[in-house]
Amino acid sequence: MNSRVLKRLEFIQRLVRQVCSMRVASVFRNVVYTLTMAIFLMPISTLVEAKPAFGTRTLVIYDQKLTELDNYSTFLNNLKQRSHELSYRAIGNDSTPISLFRGEDKLYDNLIVYPIRSRHFNKQLSVENLLSFFSKGGQVLTITSPEGLSDNVRLFLNQLGMFPSPRNYYLNDYYHGDENNTLHLTKGESLNEHVVPLGEYDLVYKGAAALLDNRQLIIPVLQAPKTSFSVDSKQSDEIWTAGSEGYLAAAFQSLRNTRLAWVGSEVFFSNEFSANNGRFVEQLTKWAFAEKAVIKSVGSSHQHIGGAGYLESPYKVKDSVVYDIGLSEWDGSSWSPFTADDIQFELKMIDPYYRITLLPSETSNEAQYYTTGNFSLPDHHGIFTFLVDYKRAGLSFITEKDVRAIRHLANDEYLRSWDITNSWVYLTSIYSVITVWVLFVGLYLSLRKPKTVETEKKNN
Amino acid sequence: MVPKTPSKKADAASSASKFSDTISATYSAYSKQVSGDRQLQLIDTFCAFLVAVGVIQFLFVCAAKDSFPLNAFLAGFSACVGQFVLLVSLRMQVVSSFTGITPQRAFGEFVLASLVLHFLCLHFVN
Numbered sequence: 001m002n003s004r005v006l007k008r009l010e011f012i013q014r015l016v017r018q019v020c021s022m023r024v025a026s027v028f029r030n031v032v033y034t035l036t037m038a039i040f041l042m043p044i045s046t047l048v049e050a051k052p053a054f055g056t057r058t059l060v061i062y063d064q065k066l067t068e069l070d071n072y073s074t075f076l077n078n079l080k081q082r083s084h085e086l087s088y089r090a091i092g093n094d095s096t097p098i099s100l101f102r103g104e105d106k107l108y109d110n111l112i113v114y115p116i117r118s119r120h121f122n123k124q125l126s127v128e129n130l131l132s133f134f135s136k137g138g139q140v141l142t143i144t145s146p147e148g149l150s151d152n153v154r155l156f157l158n159q160l161g162m163f164p165s166p167r168n169y170y171l172n173d174y175y176h177g178d179e180n181n182t183l184h185l186t187k188g189e190s191l192n193e194h195v196v197p198l199g200e201y202d203l204v205y206k207g208a209a210a211l212l213d214n215r216q217l218i219i220p221v222l223q224a225p226k227t228s229f230s231v232d233s234k235q236s237d238e239i240w241t242a243g244s245e246g247y248l249a250a251a252f253q254s255l256r257n258t259r260l261a262w263v264g265s266e267v268f269f270s271n272e273f274s275a276n277n278g279r280f281v282e283q284l285t286k287w288a289f290a291e292k293a294v295i296k297s298v299g300s301s302h303q304h305i306g307g308a309g310y311l312e313s314p315y316k317v318k319d320s321v322v323y324d325i326g327l328s329e330w331d332g333s334s335w336s337p338f339t340a341d342d343i344q345f346e347l348k349m350i351d352p353y354y355r356i357t358l359l360p361s362e363t364s365n366e367a368q369y370y371t372t373g374n375f376s377l378p379d380h381h382g383i384f385t386f387l388v389d390y391k392r393a394g395l396s397f398i399t400e401k402d403v404r405a406i407r408h409l410a411n412d413e414y415l416r417s418w419d420i421t422n423s424w425v426y427l428t429s430i431y432s433v434i435t436v437w438v439l440f441v442g443l444y445l446s447l448r449k450p451k452t453v454e455t456e457k458k459n460n
Numbered sequence: 001m002v003p004k005t006p007s008k009k010a011d012a013a014s015s016a017s018k019f020s021d022t023i024s025a026t027y028s029a030y031s032k033q034v035s036g037d038r039q040l041q042l043i044d045t046f047c048a049f050l051v052a053v054g055v056i057q058f059l060f061v062c063a064a065k066d067s068f069p070l071n072a073f074l075a076g077f078s079a080c081v082g083q084f085v086l087l088v089s090l091r092m093q094v095v096s097s098f099t100g101i102t103p104q105r106a107f108g109e110f111v112l113a114s115l116v117l118h119f120l121c122l123h124f125v126n
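Here the protein sequences come in this chain order: D and U.
Under the working numbering, the first residue of the first sequence is numbered 1, with each subsequent residue one higher.
Under the working numbering, the first residue of the second sequence is numbered 1, with each subsequent residue one higher.
Incorrect hints may appear among the rest.
[Said to hold, decoys possible] In silico DSBU-like pairs for lysine-lysine, Cα to Cα no more than 35 Å straight-line:
#1 348/D x 65/U
#2 51/D x 136/D
#3 296/D x 401/D
#4 65/U x 318/D
[Said to hold, decoys possible] Far from chain U by the CB rule (all over 12 Å, computed), these chain D residues:
#5 97
#6 158
#7 175
#8 200
#9 243
#10 299
#11 371
#12 399
#13 433
#14 439
[Claimed, not checked] Derived, one-sided and incomplete: chain D residues facing chain U with beta-carbon distance under 7 Å:
#15 88
#16 421
#17 423
#18 434
#19 437
Honestly, the hints are just simulated from the structure, not real lab data.
Glycine is no exception: its CB is placed at the ideal position from the N, C-alpha and C atoms.
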């Protein structure tokens with residue numbers, strides 16, 4: 001990567017020198033210099049900077065009356081630095097629908113929805129539209145605030161199990177906040193290390209809190225302080241959240257690995273507080289737009305310990321086999337090895353017969369390979385699933401499964417009796433019985449003759 | 001109550017003596033039957049051998065705590081049991097032959113049945 005950048009820089013310098021060697025006015029030369037630098041440095045910055053794993057087309061929807069985008073330039077520039085191609089859509093008095101699709105194709109990969117008060121917005125972008133965008137792989141960042149919580153966004157979030165407080169409900173805190181309901185969370189702690197790295201953040205927050213459903217796909221990120229409560233600013237007896245039951249930021253990852261982040265405060269992203277919140281915001285949006293904590297499987301395989309695959313010789317009970325899987329992680333610019341010590345392999349037929357923690361084996365540039373080591377298949381024939389089902393809150397979900405038959409032994413594949421040491425005792429006894437029986441018959445016959453003669457004599 | 005205890009003791013003593021009497025009577029009857037009859041002695045020796053082999057196999061299974069080649073154990077054990085049964089039926093006919101069956105025929109049947117038994121056991125042990 002670095003060598004490519006250096007080459008490019010050399011190329012630029014040469015070009016600039018060529019341009020400068022022409023006899024032109026120095027002003028013109030400067031203009032050319034800056035232009036060429038601008039043109040050539042832009043792709044360099046995209047090479048160096050992070051970018052999302054799946055797509056960079058980002059649509060920002062905001063309310064003209066609520067949001068002044070200049071106040072969010074730090075946040076938006078940060079997104080641009082991370083290779084996002086931002087498009088803007090201001091919501092005003094017109095009610096032309098917002099299209100997220102052209103036919104079946106998504107027009108955007110990522111969607112940022114600022115708080116919106118306009119009533120037209122509900123018609124411009126329906127809940128169904130939002131849900132289908134999300135379920136077809138579009139990543140969403142929803143920012144709501146007590147001033148702007150449109151019905152479509154609220155219903156969309158409710159579908160996912162997040163319940164932000166209604167309009168005009170402000171999060172309040174007599175210990176951490178001031179009279180403007182601005183909370184200073186000097187010890188804001190991330191609840192998920194993959195979404196936002198653990199540690200204490202000095203955060204400034206003003207806005208709403210949400211109740212979260214108890215479902216596994218929701219990842220709480222930032223919890224409201226114990227002393228806080230969200231209360232209706234107009235009817236002060238109505239309370240939405242009390243204490244730490246409320247959340248200030250939450251994430252959601254669907255089973256198809258599409259991600260959503262919700263934050264209940266608009267000023268949380270503003271330039272004014274970017275010194276405090278910048279790092280938290282950057283990490284949260286990086287997660288939401290699949291710039292980090294994205295992992296994938298580069299393939300799994302299983303075979304006999306000798307190396308013969310299933311197709312060459314199908315598995316039978318008690319065969320020794322080995323299972324391997326390779327995992328990659330998106331590090332912001334390329335796929336790199338993913339390391340973890342809690343990846344498990346399962347051999348299942350309704351119930352798991354084996355659950356083996358995978359051990360790292362080989363490493364390539366792009367992937368870390370894991371192996372079960374040798375294990376012998378259970379003494380049970382049937383249709384088994386070779387499965388790695390790695391689901392961790394905050395990381396992409398990985399499910400690799402392969403269904404294979406394990407056959408029973410054929411008639412001539414059982415061990416013969418003399419191959420089993422235990423049965424030597426029984427074999428010996430059988431042969432000794434036979435040998436002694438032969439001796440017995442011989443002795444019996446030899447003893448019999450004189451006796452029969454005697455009896456005959458007696459009879460006579 | 002008082003006279004009962006000695007009577008019980010006497011009973012016990014008498015039963016013990018009865019038992020030993022029975023044993024000794026049986027033993028004397030047996031030795032009387034066997035003495036001078038080499039065939040019966042031979043049959044009984046073989047029987048004792050079979051019992052010993054069967055017991056050894058059973059103890060081996062107990063000691064190994066594993067009946068793994070169960071077919072082999074069954075074959076070995078049933079070889080002993082089957083041979084024992086055949087021998088006993090031969091012995092009964094040697095002592096007093098059944099009506100209509102000569103001792104020669106009894107012995108021939110014994111040989112034939114034993115051969116079938118050995119054949120089955122050898123195949124069952126695999």
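Exercise for review: Identify every previously stated hint that the structure contradicts and give their numbers, smallest first.
Suggested key: Violated: hints 13, 14, 15 and 16.
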